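Given the structure of chain A, go ahead and fit chain B onto it with the hints provided.
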Amino acid sequence: MRVRFGRWATMPAVIAVAMILGVSSATAQSTDYRAPQTAAGFPDLNGIWQTINSAHWSIEPHAAGPGIVRELGASVAVPAGHGVVDGGTIPYRPEALLQRDENFANRLELDPEIKCYLPGVPRATYMPFPFQIIQSEQHIMIVHEYAGAVRTIYMENHTPAPAPTWMGWSHGSWDGETLVIDTQGFNGQTWFDRAGNFHSEALHVIERITPRSEDTMMYEVTIEDPEVFTRPWTMSMPLYRRVEANAEILEFECVEFVEDLIYGHLRKQLDNGTQ
Amino acid sequence: MNHVFLNSGCIAAAVISVSLLTAIPVEAQAPDPIDGYTVPRTADGQPDFEGFWTNATRTPLQRPEGVTNEFYTAEEVAATEAREAALETAPTVPGTVADVHYDYSQFGLTYSQSTLATSLRTSLIFDPPDGRIPPMTAAGQRIVAQREAEALLKGGRFASAETNELDDRCIAMGGSGPPMMDAGYNSNYQIVQNRDFIMILTEMIHDVRIIPLDGREQADDKIRQWMGTSRAHWEGDTLVVETANFNGKKPFPFQPDAEVRPTYYGSTENMRVTERFSRVDDETIVYQFTIDDKTMWTRSWSAELPMKKTIGPLFEHACHEGNYGLTNTLVGARLEEQEAAEATAAQKTN
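Chains as they are written, first to last, in the numbering used here: chain A, 77 to 351; chain B, 5 to 354.
No wet-lab data here; the hints were simulated from the structure. Any given hint might turn out to be false.
[What the hints assert, rightly or not] Lysine to any residue pairs mimicking SDA-like chemistry, simulated, CA-CA at most 20 Å apart:
hint, chain 1, residue 1, chain 2, residue 2
1, A, Lys344, B, Gly329
2, B, Lys158, A, Leu342
3, A, Lys344, B, Arg161
Remember, it's a predicted structure, so these values are computed and weren't measured experimentally.
This is chain A alone, in the form it adopts within the complex:
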């Protein structure tokens, strides 16, 4: 059954189901916290944020496991984690699940992260790199250290995505204390994690960012993609403020780190022995 889920209608239901199933205590929020306001009168989400979990390796629950480069041993082994998918399992369509397993088996060749490609959404959020929110009334910027990936959240003048992109086309709105980001216009080439979890161009991501204390926010995501999943599903995790006084998004310009990997076979063999 392929159902085009309504943009908003399904999300509360999905979260409610997750609650009923008693999963993911991480979604429990303190509802009484009120964030400081910006001078313009909006909840102040400005800051440098980062997740602390192992969703980067797999968003589903997983035990520790070996890495994929033998020589690097334990330094690239996979840390265990309870996962961030509410309910624990992504509701893949059967053929899509086979593709996910195929992706995982061939991740050394297929994972876009390895080639320093833009990470997509929401993967960028829970990579082990900080990101910064810079907030004005008209635009909220989310700037990731990894590969300089950047998102512009348009708070007004919402228009359809002009073209498929890696980081999507994002519209923002306020729901009380919560920033709601509705993102479509993906190119279908990004993954959710290193475990091969994936989506198609039909991906529709709705993120809810809610301040829960001075230095933490809840990050809840609803994923819709009827090409790949049987129903919408959600994930949730806290975001932690990088409280160091000198916290700063530095460059992680990884293109030069992957050039030999991508283009090395086209290198000229030089007579002088240098390459």
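Below, chain B without anything else, positioned relative to chain A:
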């Protein structure tokens, strides 16, 4: 097209005349606002630079040989821009390189369709007053020669990805700088600011500068970056950004003129850049920068170009992800070598 010519030229001319009298480097100064213009403010009370801007210009960094005036007339600039725009609409000859590779009558319409950051200057450089990059130091000449020799030793531009130009590698382009210069095409920027940071997104390679305004110290000089590390403060309504800690691998000038195209020419890791952003009317930020690299040049030098308000949004420039050009260039170079080797072998056989 609505050409709004800056009056900042007159102001800068006045500044230059002062420098001629005193014969010291021209200190970049905030241009006066036009007709008592009230700079718009953010909710935090700071001058508001938010929006979409372009610095697409046809003004060269250095004053062309044979030109002695500091400024063109408005009519001369309009004629030049019309000529450039016409080039973009002229059909290319089928089968030529221009036709199959970057046909600007199809794909790059910056100068015929976009907002232009028009300046009457004959060069962006206003100090030294001759509009030229000052002479290199002896050490600078040695460094350039060394870079040139290293590039040759590594087999030249098409030997590998690493030996290619930074823009062809999707590592760095001219737009983000600092200093921020016309990128050749898509010279578009988005500025978003909060109380403590100003964010400048460059369309080309989605380069982002997040510049702290919170008074923090410059980063440790062991942190070396393509765009350096920037710290900013307000001087009145002018945003002043100081940048150091460059990695020295992206020498500036970054191919703004054909004559300085090779990346072995230009600044060192000791460069310090001071930028000044001043909003002088609703449509214009006057952007000035001073380059201080005593290792490379005998004195500091300064330039000015406007940033003009343009229509957003910016589009995602996923340069590396779609970099078929670099692969094709290297494949072509290897094929040419193979053909040459086969031709040589065939000659020997004969």
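Outcome of the hint check:
{"no.": "1", "hint": "Lys344(A) to Gly329(B)", "in the structure": "holds, 17 Å"}
{"no.": "2", "hint": "Lys158(B) to Leu342(A)", "in the structure": "holds, 14 Å"}
{"no.": "3", "hint": "Lys344(A) to Arg161(B)", "in the structure": "holds, 11 Å"}
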